[in-house]
Amino acid sequence: MQILRQFRACEPSITEARQGEEKTKKKQIASAAPWLRETSDAGLSHEDLARFARQLAVPGFGAHAQARVRDAKVLVVGAGGLGSPVIGLLAAAGVGRLGVVDGDDVELSNLHRQLLHSEAEVGARKAESAARAVKRINSGVKVDVYPFYLSARNVMQLVAEVDLVIEATDSLASKYFVNDACRFAGKPVILAAAQGVEGQVALYAPHGPCYRCMFPQPPPRSHRTTCQEDGVLGPVPYMVGSLQALLALQYLGADPATRQEVFGKFLHMFDGAPEHLGMRRVKLPENRRKICALCSPTAPTIQSLRDSASFANDFELFATCNVVTAGAVPGEGKVATLSWDKLQGLDPKRVLLVDVREARFREMLRFEGSHNIFVDALVADKGEQARILECVRKQVATCGGRRVDVVAFCNRGNDSKIAARFLDTFLKEENCSVAHVPGGMASYLD
Amino acid sequence: MGDAADSGAAAGGGPARGGKRTVTVKVLYFARSREVSGRALETWRLEEGATTKDLEEKLVHKYEGLKELTGVCAWAVNEEYVDDSQVLADGDEVAIIPPISGG
Ligand SMILES: [Zn+2]
Chain A
1 MQILRQFRAC
11 EPSITEARQG
21 EEKTKKKQIA
31 SAAPWLRETS
41 DAGLSHEDLA
51 RFARQLAVPG
61 FGAHAQARVR
71 DAKVLVVGAG
81 GLGSPVIGLL
91 AAAGVGRLGV
101 VDGDDVELSN
111 LHRQLLHSEA
121 EVGARKAESA
131 ARAVKRINSG
141 VKVDVYPFYL
151 SARNVMQLVA
161 EVDLVIEATD
171 SLASKYFVND
181 ACRFAGKPVI
191 LAAAQGVEGQ
201 VALYAPHGPC
211 YRCMFPQPPP
221 RSHRTTCQED
231 GVLGPVPYMV
241 GSLQALLALQ
251 YLGADPATRQ
261 EVFGKFLHMF
271 DGAPEHLGMR
281 RVKLPENRRK
291 ICALCSPTAP
301 TIQSLRDSAS
311 FANDFELFAT
321 CNVVTAGAVP
331 GEGKVATLSW
341 DKLQGLDPKR
351 VLLVDVREAR
361 FREMLRFEGS
371 HNIFVDALVA
381 DKGEQARILE
391 CVRKQVATCG
401 GRRVDVVAFC
411 NRGNDSKIAA
421 RFLDTFLKEE
431 NCSVAHVPGG
441 MASYLD
Chain B
1001 MGDAADSGAA
1011 AGGGPARGGK
1021 RTVTVKVLYF
1031 ARSREVSGRA
1041 LETWRLEEGA
1051 TTKDLEEKLV
1061 HKYEGLKELT
1071 GVCAWAVNEE
1081 YVDDSQVLAD
1091 GDEVAIIPPI
1101 SGG
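Line order of the protein sequences matches chains A and B.
Going by our numbering, the first sequence opens with residue 1, and the numbers climb by one from there.
Going by our numbering, the second sequence opens with residue 1001, and the numbers climb by one from there.
By construction, these hints were calculated from the structure, which means they are not laboratory data.
Quick caveat: nothing in here was measured; it's all calculated off a predicted structure.
There could be a bad hint or two in this list.
Said to hold, decoys possible - Here are the simulated DMTMM-like cross-link-like pairs (lysine to aspartate or glutamate), alpha carbons at most 20 Å apart as the crow flies:
#, chain 1, residue 1, chain 2, residue 2
1, B, Lys-1026, A, Glu-121
2, A, Lys-283, B, Glu-1048
3, A, Lys-135, A, Glu-119
4, A, Lys-290, B, Glu-1093
5, A, Lys-283, B, Asp-1083
6, A, Lys-290, B, Asp-1084
7, B, Lys-1020, B, Asp-1092
8, A, Lys-283, B, Glu-1068
9, A, Lys-290, B, Asp-1092
10, A, Lys-283, B, Glu-1035
11, A, Lys-283, B, Asp-1092
12, A, Lys-265, B, Glu-1080
13, B, Lys-1026, A, Glu-275
14, A, Lys-265, B, Glu-1057
15, A, Lys-283, B, Glu-1080
What the hints assert, rightly or not - So the derived list for chain A, only partly shown, Cβ under 7 Å to chain B, looks like this:
#, residue
16, Gly-81
17, Ser-151
18, Asp-170
19, Glu-198
20, Met-214
21, Asp-230
22, Leu-233
23, Gly-234
24, Gln-260
25, Lys-283
26, Pro-285
27, Asn-287
Ideal Cβ placement from N, Cα and C applies to all residues, glycine included.
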């Protein structure tokens, strides 16, 4: 056993030595023998041939495809769940130049699915962490690091420089924005999303239909989720991001003259529910659609990046929270806030803590004395409203008629704000003050 | 979730009460539409000549939560994107695909 370990330890140096020997031997032969003069039509080096041997051997993906991939520049927007497989696989496959755009920092909650980052990178800029990972995987790849978010000011410059754009963020607003920018710049874009156990991916070519042609309108606020912590199982974005990387390699590797025939034809859907596990695809419309805000030949409402940015901005405002607005959601009144620290110092008899998260989040961590009511039910359900009213009155009675602090909290502080706004109006006749905790459970755990 | 037959479903096309012919289609729900309807798959019987628009009205009537959602979804029949005037044929497979975010 001991011997074996020793042997293994010195193995690399033996291999290295042999490689060195062979190289010099080969060079001598080549220079000495004119009939062994090398030429590679695609201009691949010996190292390329060794490193990419297994993908060069794939029928339909040969030396010329590899050379096109090597000469390609790709911009990846988002270095998270989708971006990890995209960036990792494209670097490994030898894409010549990768631009990585991401304004976020690496968080602990990213690590369950974002394998490009590690524990040591928590707190680091995501784009920089991704660039370090690329260098570890393939030091030959040139990486351009853009540790900021895309905006109308910077997007055209970044997009103009590349052959292909990959949208790999978790934001729907970003998908519309990047779609539009690529259209204005005449660049192909591979857009994807992964949510729960489902995913979608499609390549939109400059002359075919675009993302807006498929999805002319974003879903209304009531059908979007953000605040309630969309869940996602790590393998799902990995699956979908891998498909983005696959499409990218095949697109870049293909003869430019034939690309148009093959790519930009389908939306691919991954369904990861155990009883439906598999892929489906949908044929995109043959042409750009007349009703598309971008492609419409007669009345495009999005004519410039500015239109596109304001569309994305409007929409992101709404995306900050998801509440079914069945009941009356009070206006934009100011809501009092209370930090966890301050909350700790209050008289326990005079505090009513209201947990407005969905019940499933309480399985993870909860406070024993809280009144639990999901925000949607609070604003819509008369029975629940009566219940909390009774609860507040009981608390006031318990503390001898003194003023009670009603404090709402949720996962991130968005739902609790809506709950507090509602309670402020609903409880205005009661002897209490209403506040919410900014940052919610995320800040509590921080 | 699963293969749940709707009350209006039948094994196939054919004459219905009153002599009107019907078609039977399979509806596939994805993402949010799956969450709202609580199912991934459903069989619907429609009058012959019914369009995707007609089906949409029926779906929203049955699942109130789909209101405001079906309009932003991509609709596909037999794996091809269609608009809302597509006439449905017996045996068609209709997919309702909301845009998803996340990653
Ligand atoms: Zn379009």
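Going down the list of hints, with the structure as the test:
At roughly 48 Å between alpha-carbon atoms, B/Lys-1026 and A/Glu-121 are farther apart than 20 Å, so this suggested pair is violated. Our distance criterion of 20 Å between C-alpha atoms is broken by A/Lys-283 and B/Glu-1048, whose separation comes to about 25 Å. Note on A/Lys-135 and A/Glu-119: the hinted pairing holds, with a Cα-Cα distance of about 18 Å set against a maximum of 20 Å. Of the pairs offered as hints, the one joining A/Lys-290 and B/Glu-1093 is violated, with about 25 Å between alpha carbons and a cut-off of 20 Å exceeded.
For a cut-off of 20 Å, the pair hint linking A/Lys-283 to B/Asp-1083 stands: about 13 Å separates their Cα positions. With a C-alpha separation of about 14 Å, the suggested pairing of A/Lys-290 with B/Asp-1084 holds against the 20 Å cut-off. A hinted pair counts as satisfied when its Cα atoms are at most 20 Å apart, and B/Lys-1020 with B/Asp-1092 qualifies at roughly 19 Å. Between the alpha carbons of A/Lys-283 and B/Glu-1068 the distance comes to roughly 24 Å, so the proposed pair goes past 20 Å and is violated.
Under the criterion of a C-alpha separation no larger than 20 Å, the hint pairing A/Lys-290 with B/Asp-1092 is inconsistent with the structure, at around 26 Å. For the hint pairing A/Lys-283 with B/Glu-1035, the CA-to-CA distance comes to about 24 Å; that exceeds 20 Å, so the pair is violated. Taking the CA atoms of A/Lys-283 and B/Asp-1092, the gap is about 15 Å. The hint holds against a cut of 20 Å. Only pairs whose Cα atoms come within 20 Å are accepted, and A/Lys-265 paired with B/Glu-1080 is accepted, the gap being roughly 10 Å.
Under the criterion of a C-alpha separation no larger than 20 Å, the hint pairing B/Lys-1026 with A/Glu-275 is consistent with the structure, at around 17 Å. Between A/Lys-265 and B/Glu-1057, the direct Cα distance comes to roughly 29 Å. Violation of the 20 Å bound is thereby established for this hinted pair. Proposed proximity of A/Lys-283 and B/Glu-1080 is supported: the alpha carbons are some 5 Å apart, at most 20 Å. Nearest Cβ of chain B to the Cβ of A/Gly-81: about 5 Å, under the 7 Å cut. The hint holds.
Taken as an interface hint, A/Ser-151 does not check out: its beta carbon lies about 19 Å from the nearest beta carbon of chain B, beyond 7 Å. Contact between A/Asp-170 and chain B, as hinted, is supported at the beta carbon level, the nearest pair being about 4 Å apart and thus within 7 Å. A distance limit of 7 Å between C-beta atoms decides the matter here; for A/Glu-198 the minimum to chain B is near 5 Å, and the interface restraint holds. Annotation: A/Met-214 was flagged as interfacial toward chain B, and the flag holds, the nearest CB pair being 5 Å apart, inside 7 Å.
Satisfaction of the interface hint for A/Asp-230 is found here, the shortest Cβ-Cβ separation to chain B being roughly 5 Å, below the 7 Å cut-off. Among the interface hints, the one on A/Leu-233 is violated; its C-beta lies about 11 Å from the nearest C-beta in chain B, farther than the 7 Å criterion. The beta carbon of A/Gly-234 is not positioned within 7 Å of any beta carbon in chain B (closest approach about 11 Å), and the interface hint is therefore violated. Taking 7 Å as the C-beta contact cut-off toward chain B, the hint placing A/Gln-260 at the interface is violated, the least distance being around 18 Å.
Restraint check, A/Lys-283 versus chain B: the minimum CB separation of about 4 Å is within 7 Å; hint holds. Nearest Cβ of chain B to the Cβ of A/Pro-285: about 5 Å, under the 7 Å cut. The hint holds. A distance limit of 7 Å between C-beta atoms decides the matter here; for A/Asn-287 the minimum to chain B is near 11 Å, and the interface restraint is violated.
Hint check: violations occur at hints 1, 2, 4, 8, 9, 10, 14, 17, 22, 23, 24, 27; the rest are consistent with the structure.
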